[in-house]
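Undergrad: Okay, here's what each chain looks like letter by letter:
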Amino acid sequence: MIVRDVVTAVLLLSGAGFSLLGALGLLRFPDVPTRLQAATKPQTLGLLLVLAGAALRADAEHIPALVLAGLFQVITAPVLAQLFGRAAYRTGDYLPSVLVADELAERLRDEGGRPTDPPG
Amino acid sequence: MTGSTGSTGTGGGRFSLTLFCWLVIVWLLLWGGLRPVVLLSAPLVALGVLLLFPMPTRRVPVLRPLRLLRLAGFVLLDLVVSAVRNSREVVQYGRDVRAAVVAVPVLSDVDHVVATAANLVSLTPDKFVLHIDRRGGVYYVYCLGVRSDEQVARAHDQVIDLQVRAVRALAPSAEARDAGRRADRCHRRGPVSPEKSPEEEP
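Protein chains in written order, with our numbering: chain P, 1 to 120; chain W, 1 to 202.
Any given hint could be a false lead.
To be verified - Quick list of the computed label-pair ranges, beta carbon to beta carbon:
#, chain 1, residue 1, chain 2, residue 2, range
1, P, T91, W, R185, 34 to 42 Å
2, W, R188, P, T91, 29 to 37 Å
3, W, R64, P, R57, 16 to 24 Å
4, W, T18, P, L26, 20 to 28 Å
5, W, L51, P, M1, 48 to 56 Å
6, P, S97, W, G137, 29 to 37 Å
7, P, D110, W, I25, 33 to 41 Å
FYI, nobody ran anything at the bench for these hints, they're computed from the structure. Cβ atoms here follow ideal geometry from the backbone N, Cα and C, with glycine treated the same way.
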């Protein structure tokens with residue numbers, strides 16, 4: 001029993017810690033893509049840890065819902081990050097000084113245009 | 001998916017039994033019980049969703065359970081390692097954070113593998129796929145915490161390695177077999193493991 005309490009506490013606290021660091025990144029990072037990373041990514045792991053901690057203490061009937069919450073977080077978070085990141089990049093809403101290399105911009109310079117979606 | 005809608009993904013009928021079953025299962029999981037109301041409403045809701053939001057259907061992809069498990073384990077490990085690395089980036093550098101947009105060759109020509117690999121790359125806390133050039137076969141990956149050419153090359157190879165694992169787990173067997181060989185040609189440096197952070201010297 002005590003072991004389970006300790007494991008739960010560790011999982012919940014470390015999950016909360018990662019989420020907190022994500023929030024801190026949101027404040028400290030300079031532009032949209034980097035803030036986006038801080039806002040969407042560490043809390044994926046944070047939420048998974050919190051859910052795992054909760055699953056250890058919850059009644060068995062609630063565990064499927066927790067699994068579902070984790071699953072959808074894992075499926076949706078990257079899609080959101082990609083869409084927002086791409087929008088920020090396309091509209092030029094980023095600091096070039098942050099990038100040490102930009103191979104997409106190099107290619108666009110060679111082709112003389114902005115990236116376009118393939119049709120369909 | 002980012003700029004990649006399927007050329008080969010569509011086909012078959014409008015109705016997918018797999019998708020229907022999945023929706024029923026999700027509905028049952030959401031209610032967390034098998035009460036009669038839930039059981040009765042599940043097929044109705046699933047049917048409604050499928051009719052209101054028609055999705056392209058295609059055959060169930062090749063699944064290799066063992067390799068899928070290994071892929072899941074790898075991604076989980078990657079998630080933890082890069083979350084820690086990302087946190088260090090926040091605490092240590094803050095406003096002086098650096099990043100890079102790296103061009104990485106796509107190792108697969110199957111839509112769902114390309115999309116899954118892109119999503120797995122984007123799931124890890126220090127990278128996301130900015131743009132997929134489907135015709136040219138290039139991912140443009142935004143990598144956080146990259147400061148030198150050496151680290152750019154390492155991030156590039158990490159994405160390649162993750163792709164090899166995704167291709168081996170999900171792609172048709174012909175593609176899965178020679179994924180390793182094609183990856184070797186793409187590597188900018190030796191094979192890397194995600195356990196090593198980009199900052200570490202080899």
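Undergrad: Decide, hint by hint, whether the structure agrees.
TA: Here's how the hints hold up against the structure:
{"no.": "1", "hint": "P:T91 with W:R185: 34 to 42 Å", "verdict": "holds (35 Å)"}
{"no.": "2", "hint": "W:R188 with P:T91: 29 to 37 Å", "verdict": "holds (30 Å)"}
{"no.": "3", "hint": "W:R64 with P:R57: 16 to 24 Å", "verdict": "violated (35 Å)"}
{"no.": "4", "hint": "W:T18 with P:L26: 20 to 28 Å", "verdict": "violated (38 Å)"}
{"no.": "5", "hint": "W:L51 with P:M1: 48 to 56 Å", "verdict": "holds (50 Å)"}
{"no.": "6", "hint": "P:S97 with W:G137: 29 to 37 Å", "verdict": "holds (30 Å)"}
{"no.": "7", "hint": "P:D110 with W:I25: 33 to 41 Å", "verdict": "violated (48 Å)"}
In the structure shown, a violation is registered for the earlier hints numbered 3, 4, 7, in ascending order.
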